[in-house]
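Q: Read off the chains here:
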Amino acid sequence: TQLLEQSPQFLSIQEGENLTVYCNSSSVFSSLQWYRQEPGEGPVLLVTVVTGGEVKKLKRLTFQFGDARKDSSLHITAAQPGDTGLYLCAGPPSGTYKYIFGTGTRLKVLA
Amino acid sequence: GAVVSQHPSWVICKSGTSVKIECRSLDFQATTMFWYRQFPKQSLMLMATSNEGSKATYEQGVEKDKFLINHASLTLSTLTVTSAHPEDSSFYICSARDRLNQPQHFGDGTRLSIL
Chain A
981 TQLLEQSPQF LSIQEGENLT VYCNSSSVFS SLQWYRQEPG EGPVLLVTVV TGGEVKKLKR
1041 LTFQFGDARK DSSLHITAAQ PGDTGLYLCA GPPSGTYKYI FGTGTRLKVL A
Chain B
456 GAVVSQHPSW VICKSGTSVK IECRSLDFQA TTMFWYRQFP KQSLMLMATS NEGSKATYEQ
516 GVEKDKFLIN HASLTLSTLT VTSAHPEDSS FYICSARDRL NQPQHFGDGT RLSIL
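Going line by line, the protein sequences match chains A and B. According to my numbering, the first sequence is numbered sequentially starting from 981. According to my numbering, the second sequence is numbered sequentially starting from 456.
Rather than coming from a laboratory, the hints here were simulated on the basis of the structure. Keep in mind that a hint or two might mislead.
Some chain A residues flagged as far from chain B (calculated, every beta-carbon gap over 12 Å) [said to hold, decoys possible]:
id, residue
1, Gly1020
2, Thr1057
3, Leu1068
With a straight-line cut-off of 25 Å between C-alpha atoms, the simulated DSS-like cross-links for lysine-lysine are [said to hold, decoys possible]:
id, chain 1, residue 1, chain 2, residue 2
4, A, Lys1088, B, Lys496
5, B, Lys469, B, Lys510
6, B, Lys469, A, Lys1078
7, B, Lys521, A, Lys1039
In this text the structure is predicted, and so the values were computed from the model without any measurement. We put the beta carbon where it would ideally sit given N, CA and C, even for glycine.
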């Protein structure tokens, strides 16, 4: 079974703090996407990482793809209440047409 | 770019009725569309994958006669929940991509409530 495990599941922090969300698998992925979803809405694509070891930055968000393409991380610097939401990693395992979603990390940033 | 529109956004209906949800790619041709179900505070669960002009591929445990999927054009896929019951109440989300290995783009979801 190809799974994407995210940790932590829940995170509640104060505005201004830093945090890291992890996305891990025992399988190799062709690419990984990170999404943020707010209640009652569909997921919104934040970034795609494709190359092992790749690092991408989106303002205060830094995304990294593991060297072996089995894991990824999302680091948020100086979190703001607007960062609150459900963060999901997802992607296609190598050699398949499947698209697997991670278990999700629910982030709440308190003002 | 890459806008996916899903309609309706919210529907309430009586048990036993059928409900159709539409998913449209507005500015690109979607060779593949996906239908997901999401329970409160959980991640997305893939129900089925549909390719334009062919039958949908359903995930294990998803009843194809219960959840009818049609992908008749490159910009439209529909999900019909037949003879809906309260346990079918959920948040249904579609997504679309134009090419293999490209990211999926999601609709805003449909909240279905069966009374």
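Q: Hints first: check each against the structure and report whether it holds.
A: Hints, verified against the model:
no.	hint	verdict
1	Gly1020	violated, 7 Å
2	Thr1057	holds, 24 Å
3	Leu1068	violated, 6 Å
4	A/Lys1088 x B/Lys496	holds, 13 Å
5	B/Lys469 x B/Lys510	violated, 29 Å
6	B/Lys469 x A/Lys1078	violated, 34 Å
7	B/Lys521 x A/Lys1039	violated, 44 Å
Figure legend: structure checked against the earlier numbered hints; hints not met, in rising order: 1, 3, 5, 6 and 7.
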